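Protein chains in written order, with this note's numbering: chain A, 4 to 416; chain B, 4 to 416.
Hints are not guaranteed to be accurate.
Identical copies look the same in the list; a pair holds intra-copy or inter-copy alike.
[To be verified] Pairs of lysine-lysine residues, derived as DSSO-like cross-links and limited to a Cα-Cα distance of at most 27 Å, are as follows:
| no. | residue 1 | residue 2 |
| --- | --- | --- |
| 1 | 354 | 170 |
| 2 | 354 | 27 |
| 3 | 280 | 299 |
| 4 | 354 | 112 |
| 5 | 27 | 170 |
| 6 | 296 | 49 |
| 7 | 354 | 109 |
| 8 | 215 | 15 |
| 9 | 215 | 194 |
| 10 | 281 | 112 |
No lab work stands behind these hints, which were simulated from the structure alone.
Predicted, not measured: the structure shown is a model, and the values here were computed from it.
There are 2 protein chains.
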Amino acid sequence: MSYIDELGTAAKKAGAAMSLAGMKQKNEALANIAAALDAAAETIIKENKRDIENARANGMSEAMIDRLTLTEARISGMSEGVRQVAALKDPIGEVIGGEELPNGLKVEKVRVPLGVIGIIFESRPNVTVDAAVLCLKSGNVCILRGGSDAIYSNKCLVGIMRGAIAKAGLPEDAVQLVVDTSRAVAGELMKADRYIDVLIPRGGGGLIRSVKQNATIPVIQTGEGNCHVYVDRFADIDMAVNITDNAKTQRPSVCNAIETVLVHKDVAEQFYTALEKKWNGRVRIYGDETCAKFMKTERPATEEDYATEFNDYVLSVKTVNSLDEAIEHINRYGTKHSECIVTINLDNAEKFRRCVDAAAVYVNASTRFTDGFEFGLGAEIGISTQKLHARGPMGLRELTTYKYLISGNGQIR
Amino acid sequence: MSYIDELGTAAKKAGAAMSLAGMKQKNEALANIAAALDAAAETIIKENKRDIENARANGMSEAMIDRLTLTEARISGMSEGVRQVAALKDPIGEVIGGEELPNGLKVEKVRVPLGVIGIIFESRPNVTVDAAVLCLKSGNVCILRGGSDAIYSNKCLVGIMRGAIAKAGLPEDAVQLVVDTSRAVAGELMKADRYIDVLIPRGGGGLIRSVKQNATIPVIQTGEGNCHVYVDRFADIDMAVNITDNAKTQRPSVCNAIETVLVHKDVAEQFYTALEKKWNGRVRIYGDETCAKFMKTERPATEEDYATEFNDYVLSVKTVNSLDEAIEHINRYGTKHSECIVTINLDNAEKFRRCVDAAAVYVNASTRFTDGFEFGLGAEIGISTQKLHARGPMGLRELTTYKYLISGNGQIR
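With the sequences and hints as input, model every part of the structure.
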């Protein structure tokens with residue numbers, strides 16, 4: 004029996020128990036986890052320090068080390084997050100459809116857990132707890148495969164969660180960590196479709212592509228965000244500048260920040276002049292000739308730039324001749340995440356909404372709102388950029404599937 | 004530009020046009036298709052004969068040739084099916100959620116087409132028309148890859164549909180056929196995630212496994228049906244016999260027919276005796292010792308039998324000691340399709356419903372009801388046996404995704 008077989012078999016068994024777990028028991032497990040995290044803060048920080056030391060020795064950048072680091076405040080934030088998830092409505096058991104057929108069969112469509120969820124992520128230990136508690140609350144079992152850089156932190160956090168789950172009378176194997184972080188085991192995990200129902204990669208484009216290439220398990224792609232603002236010829240220029248500024252600079256590292264602004268030629272001078280005044284060099288611009296007339300640009304944007312998620316104070320700028328050209332550009336280079344048009348023209352707004360292929364399409368608002376909390380889902384496990392199953396922010400409901408329950412008294416065909 | 008690049012680019016372009024197509028135009032295209040099929044029946048039969056001749060020359064079995072054959076009656080059936088799909092409610096544009104956020108942003112969750120759907124299927128030309136019209140009605144574009152054995156039939160049918168679509172002012176590339184049926188091109192198709200949003204294999208287990216192994220596009224698995232009836236110790240024996248008989252013999256070749264019956268030891272003698280009386284050798288039985296005491300059995304069932312979809316008048320039989328043993332057997336060998344318990348005990352029924360992991364779980368009714376028409380979906384493109392996106396019969400709604408449309412007046416974060 005391979006290591007993945009062991010994890011998978013245990014997960015299946017835990018899944019069977021979880022399918023019988025009630026709301027009360029699951030919430031008790033979550034409350035236990037929150038309390039246990041708070042109580043173990045010192046130990047967690049100690050284990051996290053081992054990861055940080057190794058990361059420094061391996062030459063990890065300070066920005067990455069910051070993402071890896073757990074402090075008392077961050078641990079409090081984590082346990083607070085767990086309590087928030089506990090307070091959310093349990094999606095399991097919701098009857099989402101049903102009817103009585105002419106032959107007397109009663110058909111009900113009922114929300115049930117997905118089953119076993121595999122989550123592959125990079126070195127952010129907060130994801131370990133976030134992902135596990137969302138899975139738990141929605142009746143799912145998870146197998147977590149975090150980055151090797153965070154292995155001591157993850158072992159510690161998962162150990163704490165497992166103890167807290169067992170204390171609530173639920174199977175500790177509802178949360179498992181892949182402690183062998185070798186590539187071979189990751190490869191095996193992606194093909195373990197006999198145990199795992201869904202695979203969610205959380206991380207950069209490289210990770211997501213690798214999972215897509217190798218997995219035989221259904222995958223939900225999340226988090227790649229090459230987003231755009233299109234400034235229509237009927238735009239309110241002040242609004243366009245404010246939205247562009249917010250969508251680019253309020254938090255450039257996140258997936259719902261924009262990477263390219265497309266500007267209709269008729270308002271190019273006005274918009275570029277106003278944006279230059281607002282930023283005054285704060286954002287590096289890769290812009291075309293028209294843009295360069297009114298803004299300090301570093302160089303023209305290349306095809307590669309258009310396809311790049313900078314996650315930084317960098318923006319590609321393109322002057323377009325028409326709404327159609329903007330839509331085509333977005334559908335070609337975008338990652339189907341969040342797209343915005345600034346316009347006061349109803350027809351153009353409507354065409355943009357219909358033709359742009361993305362999870363969230365905005366008229367006159369910043370793309371930064373694409374977020375589980377902002378959309379009222381309470382929490383999110385990621386933002387799906389694929390069209391199958393769930394699109395956009397994924398909350399608890401998106402971690403479920405359904406089952407048809409049919410009751411009869413001997414009906415045959 | 005490779006052949007798949009050509010098809011893919013054309014599909015993307017057609018998809019953009021389809022996202023603007025209204026209900027009326029789509030229904031006109033469907034009406035045109037139905038009329039064109041009827042009008043071209045002779046030509047279709049002629050082209051189909053070429054496939055049949057080749058199939059005979061290649062030694063195809065008569066059962067398979069029957070599935071390949073188109074007659075005037077079958078073509079009428081096809082066009083009638085198209086008219087039924089035209090009459091169904093258009094799922095596109097349905098608002099399935101939404102609210103106004105505290106900051107004044109209006110969020111709407113609206114049903115939209117999936118985009119480009121790849122369908123890989125074997126030599127059943129009726130699937131060509133079925134699949135294409137369901138995609139069309141739901142605003143999707145499809146790329147059809149049928150078996151080489153049906154290539155003349157498929158070329159003819161697709162040509163007819165494309166003409167009918169163009170006549171309604173919609174892009175003929177909304178329906179495309181992969182005419183190069185080589186394995187290399189099929190392999191390329193499965194990896195064309197830059198063009199295709201979803202891949203639906205329709206066919207046997209071998210085809211589905213190959214697609215799962217090779218695709219980088221999200222896949223919806225359909226149609227594998229290793230289904231069970233469990234006869235509980237609290238079963239009404241007459242009802243159990245009738246349901247078993249119906250689920251096995253009414254149409255053994257379909258995916259919602261059963262392959263194994265599990266019988267509680269306390270009612271084994273009664274049930275086996277009654278079933279033997281009913282069938283009297285009509286179905287070949289692979290049964291254990293207990294079963295062999297009361298029924299003519301061919302041999303004991305093997306592990307492999309338990310995992311086999313016979314699609315024939317063959318049944319594996321196993322006597323079990325408990326409900327739990329039955330559930331475990333089903334979750335181990337089943338394909339998550341349709342499962343049935345016969346019992347009058349409420350607790351046992353409830354445990355079976357919760358613990359059996361399948362798209363459709365029946366209490367006291369034949370598994371044969373798992374079907375889009377029976378469930379009132381109007382038509383189906385297949386029965387999903389996976390948990391992501393759609394489970395069980397997939398109708399028009401299951402061929403859609405959603406999009407968040409957000410309207411503001413300058414909101415920023």
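Going through the hints against the structure:
With identical chains, the CA atoms of residue 354 and residue 170 are at most 27 Å apart between copies only, with a shortest distance of 24 Å across copies and 55 Å within one. For a Cα distance limit of 27 Å, the shortest separation of residue 354 from residue 27 across copies, 19 Å, qualifies, whereas the shortest one inside one copy, 47 Å, does not. In this homomeric assembly, residue 280 and residue 299 come within 27 Å of each other (Cα to Cα) only inside a single copy, at 11 Å, whereas the closest approach across copies is 90 Å. In the homo-oligomer, the alpha carbons of residue 354 and residue 112 lie at most 27 Å apart only across protomers (17 Å), although the nearest pairing inside one protomer, at 35 Å, exceeds that limit.
With identical chains, the CA atoms of residue 27 and residue 170 are at most 27 Å apart within one copy only, with a shortest distance of 13 Å there and 59 Å across copies. When the C-alpha separation of residue 296 and residue 49 is checked against a cutoff of 27 Å, the pair qualifies neither within a copy, at 55 Å, nor between copies, at 66 Å. Taking the closest pair of Cα atoms, residue 354 and residue 109 come within 27 Å of each other only across two copies (18 Å); inside a single copy the shortest separation is 43 Å, beyond that limit. With identical chains, the CA atoms of residue 215 and residue 15 are at most 27 Å apart both within one copy (23 Å) and between copies (21 Å).
Taking the shortest Cα distances, residue 215 and residue 194 sit within 27 Å of each other both inside one copy (11 Å) and across copies (10 Å). For the identical chains of this complex, residue 281 and residue 112 are neighbours neither inside a copy (53 Å) nor across copies (34 Å), given an alpha-carbon limit of 27 Å.
Going down the numbered hints, you'll see the structure goes against 6, 10, while the others check out.
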